[in-house]
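K.L.:
Here's the letter readout for the chains.
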Amino acid sequence: MREPFIQFKNVYKSFGENHVLNGADLSIYKGEITTIIGKSGGGKSVLLKHIIGLIEQDSGNILFDGQPLSNMKKAEKKALKRKCSYMFQGTALFDSLTIYENIALPLKETTRLSDSEINRRVKDKMDQLDLNDIDEKYPSQLSGGMKKRVALARALVTDPETVLFDEPTTGLDPIRKKSVHEMISNYQLKFGFTGVVVSHDIPDIFHISQRVAMLNDGRILFEGSPDKLAQSSDPAVKEFIQGLYTGNDNGCIQTDKKN
Amino acid sequence: MVLAAIRFVIMSQLSVLLNPITALGRWIIFIVQEMGRIAIFFFKSFYLMFSRPFQIKKILQQIHFIGSKSVFVICLTGAFTGMVLGLQGYHTLVKFGSSGFLGAVVALSLIRELGPVLAAIMVTGRAGSAIAAEVGIMRISEEIDALDTMDINPLRFLVSPKLAAALISMPLLTALFDVVGIIGGYISGSLLLGISGGIYFSRIETSVEMADVTGGFIKSIVFAAVIVTICCFQGYYTHTRREGFGAKGVSLSTTSAVVISCVIILITDYVLTSLLL
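Protein sequence lines, in the order shown, are assigned to chains A and B.
Residue numbers for the first sequence follow my numbering, beginning at 871 and rising by one.
Residue numbers for the second sequence follow my numbering, beginning at 26 and rising by one.
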């Protein structure tokens, strides 16, 4: 039996009186894309931020290759973080830096690559994401969709082993959405990274996902392949999926920004 | 920090009335915790200033922002402070027939106290507020989280260059304030009120000792650390404020940063003066 690469075991997290995760159990396997779906405001981004250590759980365990994150030494956590990349829902681009500087930042600050090599890698990613001729522009001069692609380029420029995508296609037109999905899929096939995607783009996202997990009321209600999700007899899962297809779920339509 | 403490007291005023000893204990714990957090924030940022590779470009950019761009306001306030000192000093000293000591009064007041303190307060208003707002906005727009996910230490990336720049700029700005202030005193005391320029400057030469200058520079270095630490700290923890989030949180952080920095500068000035005298 396969061992999960990242595993949530009975994870609880509350912000004051707001109980976001209530015993979440989740398994993410190496070299696969796992999509997390669920209602807006249901804690999907919080779950994702636990993986990269931006938020710490109140109780429960998060394991990487069977080793609890909480027991890891500082150097081990640092090494793990270097292999991960995170694409933020709100892009989190640096307003005072140009697009080129934004994408090059992780390479400049965390590697000893030469300027020419950094330039080559950045230009390469910009070409692939159709971000030409905006090197000297600032994030405030770009459209929302373009900012998303810049954030994606920044997340992928270090060729990470694990990439966490927080709603990577929200705000993009259907053509761009498709190209971003294709790019995630192609990169995953090429480099074999482990991807965790928070998305509302159902059913499109299922085409690139090997596994789907549905978060409901702070717990993982469903975990399995997209086909199994479609066949699920769980009323809550069915209601959610049907709600998404018809676009009348309680705040869960595809364009929702809040997770 | 003091204002934060006052805010904390006001918020828990009801419990003060009901149980004053518990409230006092809670207040003391809060103050000690805040002081500890600020001290750790400072020492980490200071330590990271020396980590390789050195951030020379960023430090120079910050010297330009904190130092160069403050030159005009420092000259302006320095000149008028010196002129007022010359004016007030003359009218006081002339009553005792010792108006010749005006140069010494102006220079010693500026070099020992007013130069470091007023320069620090001006830098707080001009650069400190901007630093708090910049860091606060970076916090609420998740830019600091993004640094963390990229394994870039936010303190090293954001705070250390500002701290280094302030530690370099503040003594120079203070020296500029002193020089311009002394010239301001000369304009009002000598050119406008008729004291001999030779007496004015010779009194400065005979009364000002190296210890006065060194003391002023020590103060300016301490104030630089206070300004950057408090202002960055307020911005960095904008998201933890209970009174307001988002833009409101940033505005509150900026206000707190300026007010707390000014209060701490004045308190530190007294402590340092008593130690240096």
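Any given hint could turn out to be false.
One side only, chain A facing chain B, incomplete, derived with CB under 8 Å [as the list claims (entries may be wrong)]: (1) TYR882; (2) GLY886; (3) ILE922; (4) LEU924; (5) ARG952; (6) PHE958; (7) PHE964; (8) GLU979; (9) LYS993; (10) GLY1014; (11) SER1103; (12) PRO1105; (13) VAL1107.
None of these hints come from the bench; they were simulated from the model.
C-beta atoms are modelled at their ideal positions from N, C-alpha and C, and glycine is treated no differently.
K.L.:
Looking at the structure, which of the earlier hints fail to hold?
P.N.:
Structure breaks hints 1, 2, 9, 10, 11, 12 and 13.
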